[in-house]
Amino acid sequence: MVDYAGQVAPPREETRVTQHDRDADEYDFRRIQERWLPVWDELKPFATSDPDDKRPRKYVLDMFPYPSGDLHMGHAEAYALGDIIARYWRLQGFTVLHPIGWDSFGLPAEGAAIKRGIDPREWTYDNIAQQRASMRRYATSFDWDRVIHTSDPEYYKWNQWLFLKLYEKGLAYRKASWVNWCPFDQTVLANEQVVDGRCERCDNLVTKKKLTQWYFKITDYADRLLDDLNQLEGRWPSKVIAMQRNWIGRSVGADVDFVIEGHAEKVTVFTTRPDTLFGATFMVVAPDSELAAELVADSTPEVQEAFAAYLAEVQKSNEIERQDASREKTGVPLGRFAINPVNGERIPVWAADYVLADYGHGAVMAVPAHDQRDLDFARKFSLPVKVVVDVTAPITGAIPIITPEQALGAAPRDTLDPAVTGEALAGEGRMINSGPLDGLSKGNAIRRVIELLESAGTGRAAKTYRLRDWLISRQRYWGTPIPILHTEDGREIPVDESALPVALPPSQGLDLQPKGTSPLGAAEDWVNVTLPDGTAARRDPDTMDTFVDSSWYFLRFLSPNDDTKAFDVAEAEKWAPVDQYVGGVTHAILHLLYARFITKVLFDLGYVTFTEPFTALLNQGMVLMDGSAMSKSRGNLVRLSDQLDEFGVDAVRLTMAFAGPPEDDIDWADVSPSGSAKFLARAWRLAGDVTSEPGVAFGSGNTALRRQTHRLLADAPGLVESFKFNVLVARVMELVNAIRKTIDSEVGGGDPAVREAVETVALLLSLFAPYAAEDMWARLGHPATVALQALPKPDPRLLVEESVTAIVQVDGKVRDRLEVSPTIDGDELEALARASAAVVRAVGDREIVNVIVRAPRVVNIATRSPLVE
Numbered sequence: 001m002v003d004y005a006g007q008v009a010p011p012r013e014e015t016r017v018t019q020h021d022r023d024a025d026e027y028d029f030r031r032i033q034e035r036w037l038p039v040w041d042e043l044k045p046f047a048t049s050d051p052d053d054k055r056p057r058k059y060v061l062d063m064f065p066y067p068s069g070d071l072h073m074g075h076a077e078a079y080a081l082g083d084i085i086a087r088y089w090r091l092q093g094f095t096v097l098h099p100i101g102w103d104s105f106g107l108p109a110e111g112a113a114i115k116r117g118i119d120p121r122e123w124t125y126d127n128i129a130q131q132r133a134s135m136r137r138y139a140t141s142f143d144w145d146r147v148i149h150t151s152d153p154e155y156y157k158w159n160q161w162l163f164l165k166l167y168e169k170g171l172a173y174r175k176a177s178w179v180n181w182c183p184f185d186q187t188v189l190a191n192e193q194v195v196d197g198r199c200e201r202c203d204n205l206v207t208k209k210k211l212t213q214w215y216f217k218i219t220d221y222a223d224r225l226l227d228d229l230n231q232l233e234g235r236w237p238s239k240v241i242a243m244q245r246n247w248i249g250r251s252v253g254a255d256v257d258f259v260i261e262g263h264a265e266k267v268t269v270f271t272t273r274p275d276t277l278f279g280a281t282f283m284v285v286a287p288d289s290e291l292a293a294e295l296v297a298d299s300t301p302e303v304q305e306a307f308a309a310y311l312a313e314v315q316k317s318n319e320i321e322r323q324d325a326s327r328e329k330t331g332v333p334l335g336r337f338a339i340n341p342v343n344g345e346r347i348p349v350w351a352a353d354y355v356l357a358d359y360g361h362g363a364v365m366a367v368p369a370h371d372q373r374d375l376d377f378a379r380k381f382s383l384p385v386k387v388v389v390d391v392t393a394p395i396t397g398a399i400p401i402i403t404p405e406q407a408l409g410a411a412p413r414d415t416l417d418p419a420v421t422g423e424a425l426a427g428e429g430r431m432i433n434s435g436p437l438d439g440l441s442k443g444n445a446i447r448r449v450i451e452l453l454e455s456a457g458t459g460r461a462a463k464t465y466r467l468r469d470w471l472i473s474r475q476r477y478w479g480t481p482i483p484i485l486h487t488e489d490g491r492e493i494p495v496d497e498s499a500l501p502v503a504l505p506p507s508q509g510l511d512l513q514p515k516g517t518s519p520l521g522a523a524e525d526w527v528n529v530t531l532p533d534g535t536a537a538r539r540d541p542d543t544m545d546t547f548v549d550s551s552w553y554f555l556r557f558l559s560p561n562d563d564t565k566a567f568d569v570a571e572a573e574k575w576a577p578v579d580q581y582v583g584g585v586t587h588a589i590l591h592l593l594y595a596r597f598i599t600k601v602l603f604d605l606g607y608v609t610f611t612e613p614f615t616a617l618l619n620q621g622m623v624l625m626d627g628s629a630m631s632k633s634r635g636n637l638v639r640l641s642d643q644l645d646e647f648g649v650d651a652v653r654l655t656m657a658f659a660g661p662p663e664d665d666i667d668w669a670d671v672s673p674s675g676s677a678k679f680l681a682r683a684w685r686l687a688g689d690v691t692s693e694p695g696v697a698f699g700s701g702n703t704a705l706r707r708q709t710h711r712l713l714a715d716a717p718g719l720v721e722s723f724k725f726n727v728l729v730a731r732v733m734e735l736v737n738a739i740r741k742t743i744d745s746e747v748g749g750g751d752p753a754v755r756e757a758v759e760t761v762a763l764l765l766s767l768f769a770p771y772a773a774e775d776m777w778a779r780l781g782h783p784a785t786v787a788l789q790a791l792p793k794p795d796p797r798l799l800v801e802e803s804v805t806a807i808v809q810v811d812g813k814v815r816d817r818l819e820v821s822p823t824i825d826g827d828e829l830e831a832l833a834r835a836s837a838a839v840v841r842a843v844g845d846r847e848i849v850n851v852i853v854r855a856p857r858v859v860n861i862a863t864r865s866p867l868v869e
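Read in the UniProt record's numbering, the sequence shown has 698 at position 698, and its numbers run on one by one without any break.
Derived from the structure by calculation, the hints contain no laboratory data.
Because the structure is a prediction, the values reported are computed rather than measured.
One thing to keep in mind: the hints can contain errors.
As the list claims (entries may be wrong) - Distance condition first, Cα-Cα at most 20 Å in a straight line; then the derived DMTMM-like pairs of lysine to aspartate or glutamate:
| hint | residue 1 | residue 2 |
| --- | --- | --- |
| 1 | Lys316 | Asp196 |
| 2 | Lys175 | Asp358 |
| 3 | Lys678 | Asp196 |
| 4 | Lys169 | Glu122 |
| 5 | Lys463 | Asp228 |
Use the sequences and the hints to build the structure in full.
Now the structure itself:
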């Protein structure tokens, strides 16, 4: 079979259109939806399992959903956008892998199961069935033969395999540390799951708790995660790249060893500005660090009491909030003094929440004159401020030795002194008040002070990161069991790969209520095992963070039914990495970071040949109502199912695409699905008005309509690939209007140009409104399915303008419009403008003093009144 564009199409059954259907004037979206769903189910047009398919490939992936009830308006936008991209590449001749699955482990299912007294499996898989039916109705072009559920043993078996690979490589380990703890859900929370100090799920205040937990050593990959972002410039939103860079937070500087009086061990402080060491006037330690606890242990009862109260308050905040520079500074003195290694000065030691336990070494030297956070803290607690960089001194040319008096004498003291102005001196300059560093520029001072520290054995060059290792332990039932056995003598025994999966035991008989430890620990028959040598052991009772599930799921889609391997390396070579990833910006940091990390690990292990999982990224905005996020409590909830029932799938999808740029929020109160439905009816009727036969030659007919059709064909690829879906919809609407005018004129529906234009409308509408487009295609006499056709190439001859309209202005007012050749030169255009009768009248007896010509579009003539003698 050959399609109308002349390309060989895959074999498919023809879908016949009755004369009654052809002549129908009533656009009935319900009838159309009922008609085409079973046809698509039978044809499976989006399957990608044919090994002989030689077409070029594209992998388009939507962030898979969590099965928490039926699809909502946010899903409707996200899956409409991803589907536009997948359908577009098929029209461009690609075979497109566009799979779907469910991120089906996690705390919400467990909470719902507890509330309803049911098995989490029941709640999860019932919701999956509901969402799957809605996605099928929504006409998303998924390959339904590649579905995965992360809560299936067939999937999480490979989570455990991945854990073991990281364990073998030394990238999975246990340690005791402070973690975010939800006292209501009784489990660890990731930083992004803490909002305004509260659990994002239950809204209870989050505390800190010290637990022995499993971590993945993502910090070993910090440099690569940061540097490889350069590969994604121009392909990922700049906002997301910036968020990733900030989260990793690489800093280069020095480690400086301080002695704290009464403390046996030296305290190492990391600083990016070792050149300002002479300006350190106090030290700050993280209140939730081991160092703070050690320093307070031998302090007075008053210090211990004040510190305990302060620590309790700090533990209500998450680390993102603590890093907010605008946050009011708080802290308590620890009654200790540190010795500055470069000048021997005693400086007080404080605990303050703007220092994080896991950043650097959990302590900082405070140089308030040249760091705004330190200055804000110093001014609040009346601590010394010492200027050591003269920002008024030149940093090129001669190197003067500048005294503090000279530096401050360049202007009134209160205009330079940070203690007075409240503004830290962060600019470049020359060192002052710094002994052997005086007169040096910043770069030279950094190199010199590191040399001094290294020679004295009190410091060294170093770098550090804001990024911390990935905590993966969760104290809940509904997740992937960690495949480690523990013996009484403290050994960790990895489960043999041949014994995977370590399947979850049934939930019946287990108390899933949150209680601070995993419910799996109470499953005695499951948790207690005997090793081959007869040694008793216990399974690790924790489950993995669900971010593990989503960190590699894009690879499982490549061979979802293979029970012998996580994914087929050969299939990964064919399809991966993902060409276009679509999803919300809420996952801009952790999910994407973890997927990038796991991809790099798999690259190092030889399983993949690429280092970034998602080549391009599109973030969609939110769907709001009356300016606010939809919710039952606000009374502004819009149900997707209600919108689909009232307006039809195509109208909702088209509205999502037409509302504006994908990254912008959509306020459903400001858009018109009813208007979209009316437009679709107008477009659909065009197919019934075409009277020429399929296959008619398109080289003749109404030239103006053909030009508009081919200009749209020329512009459509660029509009889709730049995500200007709303502009493309507007252009299709313009073509529909032009077709209607042409048909209603003397030309009628038999002109080949009319068929060509209507078929183009059907093809492009298949991106946004697949039901209407498919029905139009059938009414035009073609077999299903329009989604597998090829978008015609524009005729270059029809893209050349025969004439353009040149605007002629006299003294800023339009006086004439001239139809001229697009290749006209400036002199000829000026001559035509001067000869225009309308221009001659407008100029009258005035003198032409200037003419500006922008051929072929504009002529501006400036005049002035004649001189009166």
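Exercise for the section: Identify every previously stated hint that the structure contradicts and give their numbers, smallest first. Expected result: Numbers 3, 4 - these are the hints that the structure violates, sorted from lowest upward.
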